[in-house]
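K.L.:
Spelled out, the chains give:
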Amino acid sequence: MAHRERLNQGEFLFWTGLGIASFLGFWYLSVFLGIVPRQFLPAPHEVLLRFIRLINEPFSGYTLLVHIASSFQRFLSGFLLAVVIGIPLGLLMALSKYANQIITPFFESIRFVAPIAWVPFAALWFGTGIGGPVLVIFMGAFPPVLINTYRGGIHVDKKYLEAARMLGAGKLRLMTEVLFPAAIPSIIAGLRISAGLGWQSLVGAELIVASSGVGYMMVKGQASIQTDIVMSGMIAIGLIGLLIDVLLRQAEKFAVHYKEI
Amino acid sequence: MADIVFDSVQRSFKQGGKEFLAVGGIDLTVKDREFVAIVGPSGCGKTTCLRMVAGLEMPSKGRVLVGGKEVQGPGPDRAVVFQQFALFPWKTVQENIEFGLKSMSMSTTEKRDKTAGLVSLMGLEGYEQAYPHQLSGGMQQRVAIARAYVLEPEVLLMDEPFGALDAQTRVVMQEELVRLARKNPKTVLFITHAVEEAVYLADRVVVMSRRPGLIRDVIEIKPIREKEGWDSHSRIEDVMDLSSFVQLRSQIWRLLREQNLGVDH
Chain A
1 MAHRERLNQG
11 EFLFWTGLGI
21 ASFLGFWYLS
31 VFLGIVPRQF
41 LPAPHEVLLR
51 FIRLINEPFS
61 GYTLLVHIAS
71 SFQRFLSGFL
81 LAVVIGIPLG
91 LLMALSKYAN
101 QIITPFFESI
111 RFVAPIAWVP
121 FAALWFGTGI
131 GGPVLVIFMG
141 AFPPVLINTY
151 RGGIHVDKKY
161 LEAARMLGAG
171 KLRLMTEVLF
181 PAAIPSIIAG
191 LRISAGLGWQ
201 SLVGAELIVA
211 SSGVGYMMVK
221 GQASIQTDIV
231 MSGMIAIGLI
241 GLLIDVLLRQ
251 AEKFAVHYKE
261 I
Chain B
1 MADIVFDSVQ
11 RSFKQGGKEF
21 LAVGGIDLTV
31 KDREFVAIVG
41 PSGCGKTTCL
51 RMVAGLEMPS
61 KGRVLVGGKE
71 VQGPGPDRAV
81 VFQQFALFPW
91 KTVQENIEFG
101 LKSMSMSTTE
111 KRDKTAGLVS
121 LMGLEGYEQA
131 YPHQLSGGMQ
141 QRVAIARAYV
151 LEPEVLLMDE
161 PFGALDAQTR
171 VVMQEELVRL
181 ARKNPKTVLF
191 ITHAVEEAVY
201 LADRVVVMSR
211 RPGLIRDVIE
221 IKPIREKEGW
231 DSHSRIEDVM
241 DLSSFVQLRS
251 QIWRLLREQN
261 LGVDH
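Quick note, the sequences are listed as chains A and B, same order.
Here the numbering used here is used: the first residue of the first sequence is 1, the next is one more, and so on.
Here the numbering used here is used: the first residue of the second sequence is 1, the next is one more, and so on.
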């Protein structure tokens, strides 16, 4: 936030530390006062120890890293599918009002259906194969990609489109060389939302239709009332989500490098 | 042959449900390789006229013909230089200049040679890999002119190309454009609201009146320029001191003022 003065390093560390300490303090307090039965709420250090142990010890067949890899692979498939379909379609909608009119009704009708609502079909069509979670992730990741690409595309300054047309560019070049680069900041913003939603829906899908993955590991942990495993899964989800966001922000810096130099 | 013909051209716009006439019926011929400047106050429809030649807008009535053919849409035979440059910020100088060539069928080496030629003609050597925002306004407009010239268009359309430049840069660009235009004449339609610029650059100056845009008068510059030897002066201020220049400038000024039009130059 530009209108605020930044904290200096000491203040930054102090206030961040205070936040974390109060959170952990509250957590420990709840555990030791027995507000929630101990077996349903593990202490922070127990979760941490379990998390570290899961890295080497297999649980429900695989180690934590294998579960993460398996989730990430599904995520990447669904997410990339959403990107590969969503970006060209969004640009096409931005370029042509006819394309926009054809696509919008379909899109508007699926947009408000929660990705998780596709789980029954994911299970029926794909069983426990990779297709199921990919479908669910795709349904979560696709709308933000499409909407942000489209919005980025229609807000491109008209002068660039006119210049390109005057220079003899056809529709394809307008899309790839004008709309796309001009819309990149908006597209990346969409990708960040879409990655978040996709990653969230993935875990939801794995709770139901998978035999590996972080979500699957969490279900198994819950079934055996090993809440420290469930929480380790939550931490893994959070960390990977953060990592994906950081990577996408780097991608944006790279893509709009012409502004930085 | 690439002449521009406005044949009873009208253009109306809808604004707030009401239709209003921006260009009220223009008949004008810009001859092949002639440099015509249109001057007029803001809102007189001069930019609309240029955009209709470019094919970025269509006349509501009448026709615009270039080289005898009715304009149907934009194309590289009628290159435009915009006031706001409209360079692609995500492309380097080189890529900007090459943009139009990419749609043409010619060998890569030919494209390279043409681009290099314009880079050197416009004094852009050393900036080929720079991005537009790294350049000054004057340099950016050089790139825009190079991007238009490289297509070797028969018609060059310039919409207040120097309007966004500071006074000094503007003078340099005007002098360079005169050199370019006299050396390699093209059919040029040049929009400006600066009277001096129009007199200095053009063969003929068209004075337009405020909404609805109509042609108020057409002033011949070329015969006087040639008779008085303006082109023997390399500096714009030397030309502007000549009594023949002053006379023409005042004549156009009066035409604009007679109608009680607010002109800011």
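None of these hints come from the bench; they were simulated from the model.
Among the hints, erroneous ones may be present.
As the list claims (entries may be wrong) - In silico EDC-like pairs for lysine to aspartate or glutamate, Cα to Cα no more than 20 Å straight-line:
1. A:Lys159 / B:Glu258
2. A:Lys159 / B:Glu226
3. A:Lys159 / B:Glu160
4. B:Lys91 / A:Asp157
5. B:Lys91 / A:Glu252
6. A:Lys220 / A:Asp245
7. B:Lys111 / A:Asp157
8. B:Lys31 / B:Asp203
9. A:Lys159 / B:Asp3
10. A:Lys171 / B:Glu98
11. B:Lys102 / A:Glu162
12. B:Lys102 / A:Glu177
13. A:Lys158 / B:Asp203
14. B:Lys31 / B:Glu226
15. B:Lys91 / A:Asp245
16. B:Lys183 / B:Asp166
17. A:Lys159 / B:Glu57
18. B:Lys102 / B:Glu152
19. A:Lys253 / A:Glu162
20. A:Lys171 / B:Asp77
21. B:Lys91 / A:Glu177
22. A:Lys171 / B:Glu95
23. A:Lys220 / A:Glu108
24. A:Lys97 / B:Glu226
Quick caveat, the model's predicted, so the values are computed rather than measured.
K.L.:
Which of the numbered hints are not met once you compare them with the structure shown?
P.N.:
1, 2, 6, 7, 9, 13, 15, 16, 19, 23, 24
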